[in-house]
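Participant: These are the residues of each chain, in order.
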Amino acid sequence: MRRSALLLALALPGLAAAKPIAFADGWTVMAEYGTNTMREAQVFYAPAYWWSGGLAATKLIADDKSFEREMAGVQANYLVKRWNLPAAQGNVFAWAGLASARGYDTGGTFSGVATARYGAQADYETRRIYLSAKTDWSQSSRFTHGVSTVQLGVAPFEHDYEDLAVWFVVQARRYTGGILPNETEVIPMLRLFKGNFWIEGGVDRERRLQLMVMMNF
Amino acid sequence: MKNTMKALAFAAALLAAGMAQAKTIKMEVHGLVCAFCAQGIEKKLKSMAPTQAVFVSLEHKVVAVSLKDGQDIDDATLVSQLKDAGYDVRAIARVDESLEQIRAEAKAKR
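First to last, the sequence lines map onto chains A and B. Going left to right, the first sequence walks through residues 1 to 217 as the numbering used here numbers them. Going left to right, the second sequence walks through residues 1001 to 1110 as the numbering used here numbers them.
The following block holds chain A by itself, in its conformation from the complex (with noise of 0.2 Å):
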């Protein structure tokens, strides 16, 4: 069973979700690349399990290729709250950043335009089911927008530490501030992990990859 799901995961293309905070005195290396619209890099360290900080980059391109935007700055990530249930653990986030946007629009191209970063995420998870809600905008003089995204996993069977963890992964995505105008993306993926590193993937209707990678330590 668990040969075969390693096979699956193989064969099909990834996606996924994470938490800004993976432990205490821990790194977290982020890389997300999502589907012809956003690409996302983040490096994190938590001094404590409650907060941590570091670099945040990402990319939106306008699906009309009428825009791009690209950030990099510092992010700082806080857990709200924290629910550790005898089998479940739910979880509230936010957070918050200062970046430099540059790119292009209808207006021309434009660069070190200062940026404000914040959003927020709640997840609740067991072993057999994952539920996460997130929400991350940008707003600057020059652009404001947000992406929403909703997720919802179940785990084929209950992993344990030392296992491969294999999730069907269902996420819908929505963007505003004119990325993808009027549309609601919805891309099953597969997500596995394993120690220290997640992957997960997909892909949308139009065959688009939706692909992250995950490591802590």
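You may find that some hints are simply not true.
[To be verified] Below are the DSSO-like pairs computed for lysine-lysine, each with C-alpha atoms no more than 27 Å apart in a straight line:
# : chain 1 : residue 1 : chain 2 : residue 2
1 : B       : Lys1068   : B       : Lys1026
2 : A       : Lys65     : A       : Lys194
3 : A       : Lys134    : A       : Lys59
4 : A       : Lys81     : B       : Lys1061
5 : A       : Lys134    : B       : Lys1026
6 : B       : Lys1068   : A       : Lys59
7 : A       : Lys81     : B       : Lys1083
[Stated by the list, open to error] Among the chain A residues that face chain B by a calculated CB cut under 10 Å, a handful are:
#  : residue
8  : Asp25
9  : Ala48
10 : Phe110
11 : Arg127
12 : His159
13 : Trp198
Since the hints were made in silico from the structure, they are not lab data. None of these values were measured; they are calculated from a predicted model. Virtual Cβ for every residue (Gly too), placed ideally from N, Cα, C.
Fit chain B to the supplied structure of chain A, relying on the hints for placement.
Facilitator: Same frame as chain A, but now just chain B:
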């Protein structure tokens, strides 16, 4: 001579009892659902000097720590360390089982 033998036997028994003293601490922990939870706890506990090895079972909600010879970690410190890792200890006990036995039991129960 007979008394000396008795004293030696008693001393040997005490030594054996001391060696057989629990070297494993077993905790029931809530909120364990993924490898990253386990990884954080393992890292935290392994950073403590008396820790020899750590075992985490998500399925059994168990975190077990084996101790180096002659060393100990008091319960309050362990509870505090787990809290600092973001988890709640619901029960804590010193057991005679080795870490390997706890690991084998956990696997057998799956």
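Participant: Now tell me, hint by hint, if it's right for this structure.
Facilitator: Hint by hint, here is what the structure shows:
1. B:Lys1068 to B:Lys1026: holds (15 Å)
2. A:Lys65 to A:Lys194: violated (37 Å)
3. A:Lys134 to A:Lys59: It holds: about 18 Å lies between the C-alpha atoms, which stays within 27 Å.
4. A:Lys81 to B:Lys1061: Holds: A:Lys81 and B:Lys1061 sit about 21 Å apart, inside 27 Å.
5. A:Lys134 to B:Lys1026: violated (36 Å)
6. B:Lys1068 to A:Lys59: violated (50 Å)
7. A:Lys81 to B:Lys1083: Answer holds: A:Lys81 to B:Lys1083 is near 14 Å, not above 27 Å.
8. Asp25: OK, holds: A:Asp25 within 10 Å of chain B, min 7 Å.
9. Ala48: For A:Ala48, the interface hint holds, since the closest Cβ of chain B sits about 7 Å away, which is under 10 Å.
10. Phe110: violated (38 Å)
11. Arg127: Holds, about 6 Å.
12. His159: This interface hint holds because 7 Å falls under the 10 Å limit.
13. Trp198: holds (8 Å)
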